[in-house]
Amino acid sequence: MYIRKLGALCFVVIISSLALTSCSGPSRLYAVDKTDGVYFSVPKNWIRVSNAALNAREGQGATGTALDRLYAVKWQEAFSPSKKITSSHVLSLVAPTVPLAYIRVRSLLPEEIDAVSYNSLRNMIVPVTSWASGLDATAPEFQLLDDAESIQKIARGVHTVFEFTPKKGVSQTIDQTALVSDDRSTIYVLIVRCTSTCFSKNLKVIDEIVSSFTVRGKR
Amino acid sequence: MTESSRPRDTDRKTRIHLSVYDRLKFTLLFTIVFFILVWADLADNPILSAKDAIVSGFRTRWWIFFLLGAEVIRQAHFGLAEMLAPYHGIWQRYFAAVDSLIHKFSDWTRYRISRVVKALLFIVMLSVVLSAIYKETPVKALFMAPKALWSALPLLGQLLFGVFFVVIQFVAMFWFLSRGGIDTYFPDDIRTRFSDVWGQDHVLNRIRENLLFLESPEEIEKHGGYVPGGILLWGPPGTGKTLMAESMAGETGKPFVFVDPGAFNNMFFGVGVLKVKSLFRKLRKLALRYGGVVVFFDEADSLGNRGISSSGGRFSLNSANNTSALSGTQCRGGTYLSEPSVNLLTHNLLTQESFVANSAMGGGNSGMGTLQALLTELSGLKKPRGFFNRIVRRTLGMRPKNPPKYRILVVMATNMPEALDEALLRPGRIDRMYRVGYPSKAGRIRTYEGYLSKVSHSLSAEEVDKLATITPYATGATIKDTINEALIMAIRHGRTSITWSDMIKAKQLKELGPAEDVEYIDRERHAVAVHEACHGVMAYLARYHMTIDLATIEKGSDYLGMVASIPPDDQFTRWRTEYEADILVSLASLAGERMFFDGDNSSGVSGDLESATTIASFMEGHWGMGITVSSHASNRRFEVGAPGGGKGKEDGAKEMRRALSDRIEDNLSTLLEKALEILVENRVKVLALAHALETYKTLSGEDVVAVMEGSVGPLVDGRPYLNSNNIAAIEDYHLAALNAHKSHQKSDVVLPLFASTQE
Chain Z
1 MYIRKLGALC
11 FVVIISSLAL
21 TSCSGPSRLY
31 AVDKTDGVYF
41 SVPKNWIRVS
51 NAALNAREGQ
61 GATGTALDRL
71 YAVKWQEAFS
81 PSKKITSSHV
91 LSLVAPTVPL
101 AYIRVRSLLP
111 EEIDAVSYNS
121 LRNMIVPVTS
131 WASGLDATAP
141 EFQLLDDAES
151 IQKIARGVHT
161 VFEFTPKKGV
171 SQTIDQTALV
181 SDDRSTIYVL
191 IVRCTSTCFS
201 KNLKVIDEIV
211 SSFTVRGKR
Chain H
1 MTESSRPRDT
11 DRKTRIHLSV
21 YDRLKFTLLF
31 TIVFFILVWA
41 DLADNPILSA
51 KDAIVSGFRT
61 RWWIFFLLGA
71 EVIRQAHFGL
81 AEMLAPYHGI
91 WQRYFAAVDS
101 LIHKFSDWTR
111 YRISRVVKAL
121 LFIVMLSVVL
131 SAIYKETPVK
141 ALFMAPKALW
151 SALPLLGQLL
161 FGVFFVVIQF
171 VAMFWFLSRG
181 GIDTYFPDDI
191 RTRFSDVWGQ
201 DHVLNRIREN
211 LLFLESPEEI
221 EKHGGYVPGG
231 ILLWGPPGTG
241 KTLMAESMAG
251 ETGKPFVFVD
261 PGAFNNMFFG
271 VGVLKVKSLF
281 RKLRKLALRY
291 GGVVVFFDEA
301 DSLGNRGISS
311 SGGRFSLNSA
321 NNTSALSGTQ
331 CRGGTYLSEP
341 SVNLLTHNLL
351 TQESFVANSA
361 MGGGNSGMGT
371 LQALLTELSG
381 LKKPRGFFNR
391 IVRRTLGMRP
401 KNPPKYRILV
411 VMATNMPEAL
421 DEALLRPGRI
431 DRMYRVGYPS
441 KAGRIRTYEG
451 YLSKVSHSLS
461 AEEVDKLATI
471 TPYATGATIK
481 DTINEALIMA
491 IRHGRTSITW
501 SDMIKAKQLK
511 ELGPAEDVEY
521 IDRERHAVAV
531 HEACHGVMAY
541 LARYHMTIDL
551 ATIEKGSDYL
561 GMVASIPPDD
571 QFTRWRTEYE
581 ADILVSLASL
591 AGERMFFDGD
601 NSSGVSGDLE
611 SATTIASFME
621 GHWGMGITVS
631 SHASNRRFEV
641 GAPGGGKGKE
651 DGAKEMRRAL
661 SDRIEDNLST
671 LLEKALEILV
681 ENRVKVLALA
691 HALETYKTLS
701 GEDVVAVMEG
711 SVGPLVDGRP
721 YLNSNNIAAI
731 EDYHLAALNA
741 HKSHQKSDVV
751 LPLFASTQE
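These protein sequence lines are chains Z and H, in that order. Take the first sequence: its position 55, counting from 1, is numbered 55 in the numbering used here, and each next residue is one higher. Take the second sequence: its position 413, counting from 1, is numbered 413 in the numbering used here, and each next residue is one higher.
Okay, chain Z solo, but in the shape it has when bound (with noise of 0.2 Å):
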């Protein structure tokens, strides 16, 4: 009997520790496209960008291929540890103060299922095989940082952190991870950015992110 109303009372007492767990909330806070099976968190006292002011942001003035790609983008997102960063700060190459993680899932134009390669995946916001290569004259000082190849359940693609300096302007590294699905039909880009000095200062907490993509595709 003793035995029996110790087991009910451990019983009440896991049950409202849980409870009270959960005040703090959870520990980060996570991106989520059911629809298109891609997940990432970031650490939970970051700020959204949304996918709507992303989609406005970015439709404004486009026009032909750039609207076309516009359409085709499924989710849109950014995240960032500061209230100041807007739309407009996820879409140019400026490079951020503070780290600026960015996920787009977007379907394949058919010009562009025939197109699609690791190096296009690599050149998807600069041309970093160019870059990389020496050859062009026009390039900023680049550094190749890591380059490998990224494997999801459904999805394929190239991981490459660079660092770049334009001219008059701040060094800025991005790890980028640009995957294509298996069927080619959809590519899933996470890029995460800041200026070098803030990169090497949150190393961790990009890392975290990064390695938290991950890709499953439609359930």
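It is possible that some hints are incorrect.
Said to hold, decoys possible - If we take Cβ atoms under 7 Å as the criterion, some of the chain Z residues that face chain H in the derived model are:
id : residue
1  : S27
2  : V32
3  : T138
4  : F142
Treat the hints as calculated values from the structure; they're not laboratory data. Note that this is a predicted model, so its numbers are computed, not measured. Yeah, the Cβ is synthetic: ideal placement off N, Cα and C, and Gly gets one too.
Based on these hints, arrange chain H on the given structure of chain Z.
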């Protein structure tokens, strides 16, 4: 300490303590639900940590904690009620008030309300579940469900087909098994008419009456009666039960359904029931279409009974003619008796074995509810039938029509009525029971005439009358058979027309079987002739209620010789003097053998003694024809013992109260002495008849009378037997045969022969 019983719930001041499980079960349930949802979240998001899943679960699944809180409050309430009597009291009063409020509704209303609430709850739950599946609002999800159901229909159809595929095999099998065994005849299919049934007029009249009511039921129904629904025809085999049914089929203007005796014996459970049901469905249909129907169950005993021993009761007197049981002796003892005496002996033999016989019958029913189904169909609930009648009419607010009057006449025939179930024979099922017995003399004459009219013959009306007289227990079947036999004899003798002698020979052949054509050695032939002559003379002199039909010393399959008698009239009561005469005829063989063979006698008298003893026993113990009055049947039933004993008392009463067997023996001894006296007085007649038998082997009744009276018979001229010289010759022959018998040698005197013209 006084022991007291556990207090009633109403006597408690506080609430009864809940068990730990009852306290925690809902908390446990909610916890489990919570963790299942957490697990679902974890499965949904691969990068989610367990801790974060739980933590976010607490935020997003707030409703679980709401329910949990409600549960905690409930348990707190219970806890208080368990500890604080006043608190419990308040709630008790509250619930009593609520109860009385609720019970203002009738039970039926409350049931309906609860049903509606449950249905609504089910719909709500369903919509919540569906909304979770479709990721839509519950209301919208509810409307999306039928679409899913529609798309699932092919699968449902497949499943249904699977079920149907299995079921159809059984349906088909049982359908095929429940066919057959039932034939329907329509008017004019059968040409047999009542006029073809001869000698059963009394039964026919009753059947005609039944058919009349079937044809015009208004006659009885308008006066508040009902048409009798069932007839049982029972009686010995061959008396025309089936023929009667056939003639009914021919006579009636209604369809006639013939049920095969084996129709209800089946391999599987339930097929018999199905058959009965389909039979009666058919009967109802026919009855409606044609205004009536006759159904005939031949050999109804095959329907069996439900294992109840039917020994005794209505049909305890078995009418089967098992004469072979009596004739297993060298001299065919039963033949000397009148037919009722034979029946009596048969019955006596059968009742000894009846227990065994009946128990065997109990097991032999067609079984498996077939009989019960038949009983119900014959007289069951009068329920409205038909889909339209019961469902559609009721749906439209109309009362179902009562079933119409199905005029079904059930006719059953059996020669083993004791094997039928008692419930089958009750009025309402079988209203009328007719014994189809042996035909009357008029019936026999009609039957003979009927069958003779189909062949060529030279029999006069008087001869046919005589034929009917000398065949008292002939049935339609035996008469037909005898005439056919006579025709065969005529044809084998090169004639096409039946003569009187053909008939007599055929009758003898049918009754006695073929003679074995063995020649006795002289002295044995003489002994058999004397034996039979003693019977014959005694029958002629002492038995007035029977006339001699036949005397023979030709060896048959189970006798050496015999004297057969027949009753000249149909008689239904029997008297003491008649039974005594029967015994005298039986005992004459023993008395005669002892008299003519110097006290010697053969084993051939065993059958005679058996029948004599049986009759004497019944006279003494049953019929009040002996010294005492009490019935042995009752004595045995009440186990008081037969009158007898009276030890030590030397008076007249003791003499009267000796054991039953002593009294029977006394009676037989007296009658044996009397028989001896009669034979001594008529020694000449015995020798004369023995001589006639040795000469002609087989004599008809008239020939025997001719020998007795010294007149001219059809075969034998009796006049020589009045001549004293001839008698002396016969005596010499007898003495020589007696000596040969004693010394087991051949007799040196040959059988004297007398010319029939000799004066």
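Please verify that hint: Z/T138, Cβ, nearest Cβ of chain H, below 7 Å or not. At about 40 Å, which exceeds the 7 Å cut-off, the nearest Cβ of chain H leaves the hint on Z/T138 violated.
Interface restraint verdict for Z/S27 against chain H (beta-carbon cut-off 7 Å): This interface hint holds because 6 Å falls under the 7 Å limit.
Does Z/V32 hold up as a contact with chain H if the rule is Cβ-Cβ below 7 Å? holds, 6 Å
Per the CB criterion, is Z/F142 less than 7 Å away from chain H? Since chain H brings no Cβ nearer than about 32 Å to Z/F142, farther than 7 Å, the hint is violated.
Checked against the numbered hints given earlier, this structure breaks hints 3 and 4; the rest are met.
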